[in-house]
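There are 2 protein chains.
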Amino acid sequence: MVLMTPEELTASLHQAIPIVAAMGIRVVEARPGYAEAEMPFEPNRNHFGAAYAGSLYTVAELLGGQIVRASLDLDGELAGFVPLLKSSSIRYLLPARGPVRARAAMAAEEIERIRVDGLEHGKANYDLDAEILAEDGTVLAVTSGAYQLRRF
Amino acid sequence: MVLMTPEELTASLHQAIPIVAAMGIRVVEARPGYAEAEMPFEPNRNHFGAAYAGSLYTVAELLGGQIVRASLDLDGELAGFVPLLKSSSIRYLLPARGPVRARAAMAAEEIERIRVDGLEHGKANYDLDAEILAEDGTVLAVTSGAYQLRRF
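Quick mapping for you: the protein sequence lines, in order, are chains X and D.
Numbers 307 to 458, taken from the working numbering, label the letters of the first sequence in order.
Numbers 307 to 458, taken from the working numbering, label the letters of the second sequence in order.
Heads up, a few of these hints could be off.
[Claimed, not checked] Partial pick of chain D residues on the chain X-facing surface, computed with a CB cut under 7 Å: (1) LEU309; (2) SER318; (3) ALA322; (4) ILE323; (5) PRO324; (6) ALA328; (7) ASN352; (8) GLY355; (9) TYR363; (10) GLY386; (11) LEU391; (12) SER394; (13) TYR398; (14) HIS427; (15) LYS429; (16) ASN431.
[What the hints assert, rightly or not] Partial pick of chain D residues on the chain X-facing surface, computed with a CB cut under 10 Å: (17) GLU344; (18) GLU348; (19) ARG351; (20) HIS353; (21) VAL365; (22) GLY443.
[Unchecked claim] Ranges between beta-carbon positions, derived for each pair: (23) HIS427(D) - PHE458(X): 45 to 53 Å; (24) GLU416(D) - ASP433(X): 28 to 36 Å; (25) GLU313(D) - LEU425(X): 51 to 59 Å; (26) GLU415(X) - GLY382(D): 53 to 61 Å; (27) ALA317(X) - ARG403(D): 20 to 28 Å; (28) THR311(X) - ASN431(D): 41 to 49 Å; (29) LEU399(D) - GLU335(X): 31 to 39 Å; (30) HIS353(X) - PRO346(D): 22 to 30 Å; (31) GLU314(D) - THR311(X): 44 to 52 Å; (32) PHE458(D) - GLU426(X): 49 to 57 Å; (33) GLU313(D) - ARG419(X): 47 to 55 Å; (34) PRO401(X) - GLY382(D): 41 to 49 Å; (35) PRO405(D) - LEU425(X): 21 to 29 Å.
Worth flagging that the hints you see were computed from the coordinates, not collected in a lab.
Glycine residues also receive a C-beta, built at the ideal position from the N, C-alpha and C atoms.
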């Protein structure tokens with residue numbers, strides 16, 4: 307299994323979802339069981355001096371796809387599988403006054419379950435929590451998504 | 307109380323949140339107790355031929371602010387008050403294969419409660435459900451947000 311680098315994941319993400327490229331969001335860390343993305347303050351700032359709620363949602367939401375791409379071989383064994391978001395929730399704790407990063411982790415056993423379920427049933431549901439952090443590490447928002455890795 | 311037209315609300319929204327302007331989202335109907343916004347397929351399309359989850363979230367989320375702007379006098383009696391999103395959830399039911407609209411309604415009694423709570427306490431919490439529809443009226447996603455109208 308050849309893993310994609312954060313730069314490759316970012317390029318692929320920008321090609322797949324142009325509006326995410328417009329937000330300037332980049333994948334900065336990605337390895338089996340872990341994904342992290344960064345979002346600049348501009349052009350996501352609102353005129354109240356905070357990052358816009360919809361952009362914050364986006365930088366966390368997309369980790370559900372990126373962590374699977376960083377953990378499973380979607381170009382090999384699981385070729386043709388695509389991660390989808392089924393439902394999601396976000397809780398905003400503090401306004402974001404600058405660039406943020408979002409991060410999420412997934413246990414090795416959960417990755418293996420998704421792989422096996424996917425191969426056996428053509429789809430596998432999984433949940434993922436993420437947190438959005440300020441540059442100083444303060445947690446600004448928390449999210450929880452229900453995803454499905456599905457063969458198309 | 308002078309109500310803003312959908313065109314004025316759109317212009318104000320685009321000025322306040324540039325990334326929403328980049329998505330091409332417009333307020334198309336706004337009156338006390340009702341708000342509706344439209345979102346074009348481009349540039350919100352992903353390369354799987356569906357509207358991106360984060361853009362769908364956005365077109366519904368922003369109704370929480372627009373419905374209050376269309377229902378209460380934020381330039382007069384409630385000048386200085388700003389609607390904020392505290393938490394939100396979305397459930398995706400069907401992929402969006404073209405332009406969508408999102409709509410939300412609020413009862414007159416609830417508007418009055420928000421007005422009175424705001425004036426009395428300097429803030430008022432309110433919940434708002436919205437739905438996202440395809441051009442043929444099919445419900446594609448449903449959202450539920452917890453907002454606060456707050457004096458700054």
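To see whether the hints hold, each was checked on the structure:
1. Interface restraint check for LEU309(D): the shortest CB-CB distance to chain X comes to about 21 Å, outside 7 Å, so the restraint is violated.
2. Interface restraint check for SER318(D): the shortest CB-CB distance to chain X comes to about 10 Å, outside 7 Å, so the restraint is violated.
3. Annotation: ALA322(D) was flagged as interfacial toward chain X, and the flag holds, the nearest CB pair being 5 Å apart, inside 7 Å.
4. With 7 Å as the threshold, the beta carbon of ILE323(D) comes within range of chain X, its nearest partner Cβ sitting at about 5 Å, so the hint holds.
5. With 7 Å as the threshold, the beta carbon of PRO324(D) comes within range of chain X, its nearest partner Cβ sitting at about 5 Å, so the hint holds.
6. About 5 Å separates the beta-carbon of ALA328(D) from the nearest beta-carbon of chain X, less than 7 Å, and the hint is met.
7. For the restraint placing ASN352(D) at the interface with chain X, the shortest Cβ-Cβ distance is roughly 5 Å, inside the 7 Å limit, so the hint holds.
8. Against a cut-off of 7 Å between C-beta atoms, the interface hint on GLY355(D) is violated, since the closest Cβ of chain X lies about 11 Å away.
9. For TYR363(D), the interface hint holds, the least distance from its beta-carbon to any beta-carbon of chain X being 5 Å, beneath 7 Å.
10. Checking GLY386(D) against chain X: minimum C-beta separation of about 12 Å lies over 7 Å; hint violated.
11. Because the beta carbon of LEU391(D) sits about 5 Å from the nearest beta carbon in chain X, less than 7 Å, this interface hint is met.
12. The beta carbon of SER394(D) comes within 6 Å of a beta carbon in chain X, closer than 7 Å, and the hint placing it at the interface holds.
13. Contact between TYR398(D) and chain X, as hinted, is supported at the beta carbon level, the nearest pair being about 6 Å apart and thus within 7 Å.
14. Annotation: interface hint on HIS427(D) violated; nearest CB of chain X at approximately 20 Å, more than 7 Å.
15. With a cut of 7 Å, the hint placing LYS429(D) at the interface with chain X is violated, because the nearest CB-to-CB distance is about 15 Å.
16. The restraint placing ASN431(D) at the interface with chain X is violated, with a minimum CB-CB distance near 13 Å, outside the 7 Å limit.
17. Given hint, GLU344(D) at the interface with chain X, is violated; its Cβ is 16 Å from that chain's nearest Cβ, farther than 10 Å.
18. Interface restraint check for GLU348(D): the shortest CB-CB distance to chain X comes to about 9 Å, inside 10 Å, so the restraint holds.
19. Because the closest C-beta pair between ARG351(D) and chain X is about 8 Å apart, less than 10 Å, the hint holds.
20. Look at HIS353(D): its Cβ gets to within about 5 Å of chain X, closer than 10 Å, so that hint holds up.
21. With 10 Å as the threshold, the beta carbon of VAL365(D) comes within range of chain X, its nearest partner Cβ sitting at about 9 Å, so the hint holds.
22. Taken as an interface hint, GLY443(D) does not check out: its beta carbon lies about 22 Å from the nearest beta carbon of chain X, beyond 10 Å.
23. In this structure the supplied range 45 to 53 Å holds for HIS427(D) paired with PHE458(X), their Cβ-Cβ distance being about 51 Å.
24. The hinted window of 28 to 36 Å between GLU416(D) and ASP433(X) holds, with their beta carbons roughly 33 Å apart.
25. For the hinted restraint 51 to 59 Å between GLU313(D) and LEU425(X), the CB-CB distance of approximately 53 Å keeps it satisfied.
26. Distance hint check: the CB atoms of GLU415(X) and GLY382(D) are about 58 Å apart, consistent with the given range 53 to 61 Å.
27. Here the CB-CB span from ALA317(X) to ARG403(D) is close to 26 Å, well matched to the stated 20 to 28 Å.
28. Look at THR311(X) against ASN431(D): about 44 Å separates their beta carbons, and that is inside 41 to 49 Å.
29. Between LEU399(D) and GLU335(X), the C-beta spacing of about 33 Å keeps the proposed range 31 to 39 Å intact.
30. Under the hint 22 to 30 Å, the C-beta atoms of HIS353(X) and PRO346(D), about 23 Å apart, fit the expected range.
31. At roughly 47 Å, the beta-carbon separation of GLU314(D) and THR311(X) lies within the given 44 to 52 Å, and the hint holds.
32. About 54 Å separates the C-beta atoms of PHE458(D) and GLU426(X), a value consistent with the hinted range of 49 to 57 Å.
33. With their beta carbons about 51 Å apart, GLU313(D) and ARG419(X) fall inside the hinted range of 47 to 55 Å.
34. For the hinted restraint 41 to 49 Å between PRO401(X) and GLY382(D), the CB-CB distance of approximately 26 Å leaves it violated.
35. At about 37 Å, the beta-carbon gap between PRO405(D) and LEU425(X) misses the expected band of 21 to 29 Å.
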